[in-house]
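S.K.: Chain by chain, the residues run as shown.
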Amino acid sequence: MSLLDVKDLSVRYDGATVVDAFSFVVDAGESVGLVGESGSGKSQTALAILGLLPRQASVSGSIRFDGSELLSATEQSLNRVRAERIGIVFQDPLQALNPYLRVGRQLREILVRHELASGMDADARVIHMLGRVGLPDPHRQFHAYPHQLSGGMRQRVMLASALIAEPDLLIADEPTTALDVTVQAQILELLEEVRDDTALLLITHDLAVVAGHCERMLVLKKGRLVDAGATTSLFASPGHAHTRVLLDAAPRIDRVDIPPPATGVSILGVEAAEVSYAESGNERLRAVRDVSFSLRAGETVAVVGESGSGKSSLVRAMLGLVPMQAGRVVYAGAPMEGPVESRNMAQRRDLQLVFQDPIGALNPQMRVQDIVGESLLVHEPELSAVARKAKVVEALEQVGLSDEYLGRYPHQLSGGQAQRVAIARALILGPKVLICDEAVAALDGSVREQVLELLRKVQIETGLSILFITHDLAVVRAISHRVLVMYMGRMVEFANNATLFATPRHPYTRALIDAVPVPDPVAPSRKAPLMGEVPSVLHPPPGCVFHPRCQYAEEICRTRRPMARDIQGARVVCHRAEELDL
Amino acid sequence: MKVMKNRAITVSGTILLTIAVVALVGPWLSPHDYVSTDFDRVLLAPTIADAHLFGTDELGRDLFVRTMLGIRVTLLVALVASFVSLVIGVAYGAIAGFVGGRVDAVMMRFVDTLYALPFIFFVILLMVAFERNFLLIFVAIGAVNWLDMARIVRGQTLSLREREFVEAARLTGVRNRRIIFRHIAPNLIGIVVVYVTLTIPQAILVESFLSFLGLGIQEPQTSLGALVDAGVNLMEGASWALLFPAGLLALILMCFNFFGDGLRDFFDARQAN
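For the record, the sequence lines run as chains A and B. So for the first sequence, my numbering puts the first residue at 70; every next one is plus one. So for the second sequence, my numbering puts the first residue at 18; every next one is plus one.
FYI, nobody ran anything at the bench for these hints, they're computed from the structure. Glycine is no exception: its CB is placed at the ideal position from the N, C-alpha and C atoms. Do not rely on the hints blindly, as some may be mistaken.
A few chain B residues that face chain A, going by a derived Cβ cut-off under 8 Å, partial list only [claimed, not checked]:
#, residue
1, 27
2, 186
3, 208
Take a look, some chain A residues computed to stay more than 10 Å from chain B by CB distance [said to hold, decoys possible]:
#, residue
4, 430
5, 444
6, 448
DEER-style ranges, computed between Cβ atoms [what the hints assert, rightly or not]:
#, chain 1, residue 1, chain 2, residue 2, range
7, B, 193, A, 262, 53 to 59 Å
8, B, 28, A, 216, 42 to 48 Å
9, A, 415, B, 133, 46 to 52 Å
10, A, 404, B, 131, 43 to 49 Å
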């Protein structure tokens with residue numbers, strides 16, 4: 070008998086079927102990946118198993134856990150099952166933890182409430198568990214509030230609370246999606262390490278995560294199971310076309326067609342940029358420190374870094390959206406200074422921005438036609454309404470949208486369509502430089518691939534230069550000619566795409582590359598993930614900012630700040646760059 | 018229209034509309050007027066025979082006509098006061114929020130200062146300084162209500178200003194005027210409409226309160242508040258003089274509150290989609 074046996078599970082809302090006759094089993098101790106794009110019903114399935122669907126949902130079918138039916142179970146018996154036998158980890162640990170209770174008490178409560186342990190015994194078990202999930206100094210963290218922990222530490226606490234009752238099944242719903250890539254690698258590793266013989270149902274949109282951590286996988290599309298089987302065999306020969314689509318869309322950093330290096334003249338450059346923000350108590354958060362790089366005509370430079378690396382602050386300062394405290398920006402040989410409002414119209418026309426959240430970047434009260442055409446009103450006021458509309462249609466065609474979208478409002482668009490509209494708005498003036506701030510981060514795999522393809526196409530057609538900010542190395546690999554790696558506001562390495570991935574010179578670059586999961590279950594296992602997390606940018610460590618996490622750090626790294634040096638075509642900021650073999 | 022699907026909006030809207038129409042047309046159909054006294058028919062209970070639907074008061078004036086007149090005055094005061102608070106509050110709040118910085122700080126401290134004034138004291142001061150006057154009531158109520166509106170609109174504007182579509186407009190060089198009118202104002206409409214429908218009952222209450230204290234509408238003009246005040250004195254023996262205006266006042270207040278709540282749900286649902 071299987072541990073979890075789901076038969077013909079259907080979930081409907083008001084006539085819309087989000088999960089459609091879904092059947093699967095999870096055996097004791099095995100790990101199963103549940104994969105699908107957003108809206109495929111994977112999270113709804115998890116909620117149904119846990120009995121946590123909202124009241125409006127109508128559920129049918131059967132969910133048997135260890136032989137007993139969950140769908141018809143009373144709230145009381147469900148509570149017992151959830152507490153003792155099924156552990157759950159959600160995407161956002163901050164929402165899943167009670168902000169008013171100390172971490173130790175929240176975990177302790179699980180044990181005491183269900184009479185699994187009490188008193189000193191419970192405390193000891195909690196501390197032991199916190200230690201197992203890798204919290205440094207568990208005795209002290211026992212008394213910490215959730216907000217005092219970093220995102221990665223919170224997710225570790227979530228994992229501890231899910232596993233403390235030693236459940237038979239662990240359901241993890243996008244457990245690492247909100248985390249930085251080096252932390253994601255740590256958590257995935259940990260998940261594998263601490264679950265022992267607990268079965269795992271891992272829900273994710275990321276095939277690379279499944280590849281490394283699940284024995285079997287299930288592929289959902291629009292609520293229906295379209296493919297199932299052993300991970301290795303499905304990756305080798307997908308049973309369904311949709312699995313193929315997902316696999317093809319999964320970005321890989323190990324083998325891709327890298328764009329050839331561009332050789333144009335420098336069009337946009339920044340020298341010794343400093344950006345800082347006022348914090349309370351006369352402190353300044355120094356988001357960007359001494360960063361210089363340039364973008365050539367017709368090339369794509371990716372700026373990559375984890376959260377807090379200052380990559381967004383850097384480009385926002387270049388655009389004049391936030392003030393730059395020192396350094397200068399040069400565009401086409403002329404300096405660009407001051408806030409965006411004070412810059413000349415030609416420069417503003419040439420530099421355009423595409424945002425991360427496609428829906429938030431479009432005014433909900435305006436139609437696509439007005440959104441895309443708005444900048445024409447400013448830059449080409451002499452155009453007649455008809456001519457303007459013609460240009461809008463042309464711009465929409467350029468991004469692959471027909472004129473039927475002209476009259477739509479943003480809420481009537483999907484994420485991918487909205488991002489195309491945003492790109493059309495940026496392209497309509499024929500800019501020289503397009504700056505994309507995490508422009509594909511909010512999109513599903515296959516849509517992301519399409520948008521990247523679109524950017525590549527536009528670049529080839531128009532010779533556009535692209536500055537692409539991202540945290541995703543696979544995207545960097547696929548789209549950029551050169552890569553600027555940032556860490557805690559400082560430049561770490563700046564090199565050609567091929568050079569950077571083949572021979573990274575900085576230990577942080579190496580660690581970032583290693584941390585990216587590869588969507589291939591038979592790929593050779595990689596090195597141990599980078600330890601620790603990004604320290605507070607407000608109080609950066611002395612010397613090289615990376616030294617607390619660097620396995621190669623020496624005395625000089627702790628005391629002196631490294632200077633940028635050119636080593637075989639790469640610009641590296643590391644004391645030991647020449648001697649290290651990474 | 019999807020608005021029509023909302024039960025709270027349709028039901029309370031229909032009731033309000035009916036009351037308003039009857040208040041406008043009713044006195045015109047009645048053989049009585051609101052000033053004529055008839056000492057033969059003092060404190061008459063409601064009767065159809067004489068067309069005294071709501072009875073008469075201690076001066077023999079027809080209470081139906083007076084109540085309808087009171088509704089007209091009360092609704093007028095509430096609508097005008099809300100309109101005043103809408104215009105001043107939205108303009109003030111939007112400017113403070115959009116310009117930001119020092120201008121915002123000075124403008125909002127001024128609002129805080131006005132908040133600190135004791136309202137009744139302020140009204141009595143107005144009454145003493147000027148003659149008792151219909152206009153003063155508008156001024157008094159409007160002066161208080163726009164403060165809340167300004168704060169709400171400012172907060173909303175501040176968050177809208179940071180939104181990415183506003184940034185995109187700033188980047189290409191769209192002028193401030195257009196940013197305010199095309200990007201910020203339309204996105205404020207939802208919250209403003211909801212807030213206005215919720216200020217109307219507030220204004221009605223304030224007007225009734227002032228009239229009840231004798232600071233509001235002066236005889237022979239009347240409002241629901243003034244009628245309730247008069248009705249309280251006749252409560253023993255002529256309960257109708259209190260019940261009709263008080264009941265209608267309560268009904269109108271409830272309807273506006275439901276209407277506002279319904280609108281809020283409607284806009285919330287639209288945002289959630």
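S.K.: Taking the hints in turn, state whether each one holds.
M.R.: Hints, one by one, checked against the model:
1. 27: Constraint on residue 27/B not satisfied, violated at 21 Å.
2. 186: Holds - the Cβ of residue 186/B comes within 8 Å of chain A, reaching about 7 Å at its closest.
3. 208: Not OK, violated: residue 208/B not within 8 Å of chain A, min 13 Å.
4. 430: Check fails; 4 Å does not lie beyond 10 Å.
5. 444: The claim breaks: residue 444/A does not keep its Cβ more than 10 Å from every Cβ of chain B (closest is about 4 Å).
6. 448: 7 Å, violated
7. 193/B <-> 262/A: 53 to 59 Å: Check passed, 56 Å falls within 53 to 59 Å.
8. 28/B <-> 216/A: 42 to 48 Å: 45 Å, holds
9. 415/A <-> 133/B: 46 to 52 Å: Given about 51 Å between the Cβ atoms, the range holds.
10. 404/A <-> 131/B: 43 to 49 Å: 47 Å, holds
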